[in-house]
Amino acid sequence: MDFKPGSRWCSVVCDTEVVVVKVPNGAVSLQCGGEAMVLKDHGEKIGRGPSSDHASGTVIGKRYVHDPSGLEVLAVKSGEGSLSVDGVRLTLKDAKDLPSSD
Numbered sequence: 001m002d003f004k005p006g007s008r009w010c011s012v013v014c015d016t017e018v019v020v021v022k023v024p025n026g027a028v029s030l031q032c033g034g035e036a037m038v039l040k041d042h043g044e045k046i047g048r049g050p051s052s053d054h055a056s057g058t059v060i061g062k063r064y065v066h067d068p069s070g071l072e073v074l075a076v077k078s079g080e081g082s083l084s085v086d087g088v089r090l091t092l093k094d095a096k097d098l099p100s101s102d
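In my numbering, the protein residues as written are 1 to 102.
In short, the hints are calculated from the structure, not lab data.
All figures in this text were calculated on a predicted structure; none of them were measured in a lab.
Hints should not be assumed to be uniformly reliable.
[Stated by the list, open to error] In silico DSS-like pairs for lysine-lysine, Cα to Cα no more than 25 Å straight-line:
| no. | residue 1 | residue 2 |
| --- | --- | --- |
| 1 | Lys-62 | Lys-93 |
| 2 | Lys-96 | Lys-22 |
| 3 | Lys-4 | Lys-22 |
| 4 | Lys-40 | Lys-4 |
| 5 | Lys-22 | Lys-93 |
| 6 | Lys-40 | Lys-77 |
| 7 | Lys-4 | Lys-62 |
| 8 | Lys-77 | Lys-22 |
| 9 | Lys-77 | Lys-62 |
| 10 | Lys-45 | Lys-77 |
| 11 | Lys-96 | Lys-62 |
| 12 | Lys-40 | Lys-22 |
| 13 | Lys-40 | Lys-62 |
| 14 | Lys-40 | Lys-93 |
| 15 | Lys-96 | Lys-77 |
| 16 | Lys-4 | Lys-93 |
| 17 | Lys-45 | Lys-62 |
| 18 | Lys-22 | Lys-62 |
| 19 | Lys-45 | Lys-4 |
| 20 | Lys-4 | Lys-77 |
| 21 | Lys-93 | Lys-77 |
With the hints as extra help, turn the sequences into a complete structure.
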C-alpha cells in the first residue's frame, strides 16, 4: 500500500474511514474487519461484514497507531470493524497531558 499523509482509506466490510497522519517506515497492509482497506472511491464494499475476530469497532475522532511500523491514522468515520496492520490490531493513541496552568 502506498501511504501518503492526508490520504483517506475506507473499509470494504463496514463504514470505517481513516486519514493517514504518519506514514509507516516500511511496506505494510492496513486492514479493517480482517480485510485490506482501499483508497476512498477506489473500491467497493463486499457483501459480508467484518470477521468475528476483527469486529471490535473503530471510534470516530480517535487516533490509532502501529508502533513497530510508525503508522498513525485518525478515524474520520466509525464502523464495526477493528483496525489492524498485517493482522496485528492497532492501539488507541494516548492523549498528551496538558501542562498545568498554575
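Output the indices of the hints that this structure fails to meet, ascending.
Nothing - there is no hint that the structure violates, so all of them hold.
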